[in-house]
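2 protein chains.
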Amino acid sequence: MKKTVITFSIIALSLLGLLQISTYSVTAGVTKIELVIAMIALVFLGIGIWISKKKPSQNNTVETNIPTEKITELGLSAREYEILQKISQGYSNKEIGEQLFVSENTVKTHVSNLFQKLEAKRRTQAVQKAKDLNILP
Amino acid sequence: MKKTVITFSIIALSLLGLLQISTYSVTAGVTKIELVIAMIALVFLGIGIWISKKKPSQNNTVETNIPTEKITELGLSAREYEILQKISQGYSNKEIGEQLFVSENTVKTHVSNLFQKLEAKRRTQAVQKAKDLNILP
DNA sequence: GGAATTTTGGTACTTTCGTATGAGCCCATT
DNA sequence: AATGGGCTCATACGAAAGTACCAAAATTCC
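Protein chains in written order, with the numbering used here: chain L, 1201 to 1337; chain H, 1201 to 1337.
Hints may be right or wrong, so weigh each one.
Note that the list lumps identical chains together, so a pair holds whenever it fits in one copy or between two copies.
[Claimed, not checked] Heads up, simulated DSSO-like pairs for lysine-lysine below, C-alpha to C-alpha not over 27 Å straight-line:
1. 1331 to 1270
2. 1321 to 1270
3. 1294 to 1308
4. 1317 to 1286
5. 1286 to 1329
6. 1308 to 1270
7. 1329 to 1308
8. 1270 to 1317
9. 1317 to 1294
10. 1321 to 1294
These are computed hints drawn from the structure, not numbers from a lab.
Given only the sequences and the hints, what does the whole structure look like? Please build it.
Right, dumping it as structure tokens:
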């Protein structure tokens, strides 16, 4: 934590210096404005990317959670999504039925509706598409 | 894909415009240089962060590599692994046969052997296990 | 060159999956 | 009360998937 503070202090100071130099270069007519602006842009672009890479924890949590929006967007019901998850875990219709305490026929019905909504012909394809849509890990 | 191209084109044009305006503002003496530079810095900082979040693939490539060792460890042949990949992409045996220029029967044979080695009973289960073993992305 | 694998392919059969259709139940909205 | 959506279940059929067993090319390995 202390290290982070020190690092950022140094960076902040460096940037301040950079800005001062830039301003001076321009006002003194040493350098062209476009060049300075481009430099600044590049530097901060790099800094932005660097920051994101240094803090991947926030990114990952953002990616791996809350698929709720897209699920409802696709018109998937809670039960259908539940079954989709079971399918992706490799269970058969019969097994899914046992786990959810419903008949295999019911599972088939849900699966069929699910495929229509995902425009899939096979369960493997449904899983693939669902992962592309980020509604499955 | 088309959407991505369009998006980036618009962004690129916007940035060009922004730079032009900035340059003009300064040369015309309308705005202070420090302000413009700060603006540019902020904008590109944001863009940098955004890019990293949108393209986590480069970060993940480090994690998603070289499954070769484990594949041979499981006794999977090259062909079997090839078919495993096709399965995970959602293709049917028939489609896989067409893509690899072999008969559907051949694919079935490979699939059957594959399942034994992965101790899977279904293709969805095979995919699941393969991903757990990190031999599939 | 011969042995061991791998790859290919076939037949035949069982099982699972997927679709179509119809129907009853429950719950919320109109 | 009526309508609609979600969940349940059944039957019946066709299409894939999966298994078992066998066998011939093609490769690789020694």
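How the hints compare with the structure:
1. 1331 to 1270: So residue 1331 and residue 1270 pass the 27 Å test inside a copy (12 Å) and across (24 Å) alike.
2. 1321 to 1270: Within one copy only: 20 Å inside a chain, 31 Å across chains, cut-off 27 Å.
3. 1294 to 1308: both (9 Å within a copy, 23 Å between copies)
4. 1317 to 1286: both (17 Å within a copy, 23 Å between copies)
5. 1286 to 1329: both (15 Å within a copy, 14 Å between copies)
6. 1308 to 1270: Classified as within; 23 Å inside a copy, 35 Å across copies.
7. 1329 to 1308: both (19 Å within a copy, 24 Å between copies)
8. 1270 to 1317: within (12 Å within a copy, 36 Å between copies)
9. 1317 to 1294: both (22 Å within a copy, 24 Å between copies)
10. 1321 to 1294: For residue 1321 and residue 1294, both the intra-copy (19 Å) and inter-copy (13 Å) Cα distances are at most 27 Å.
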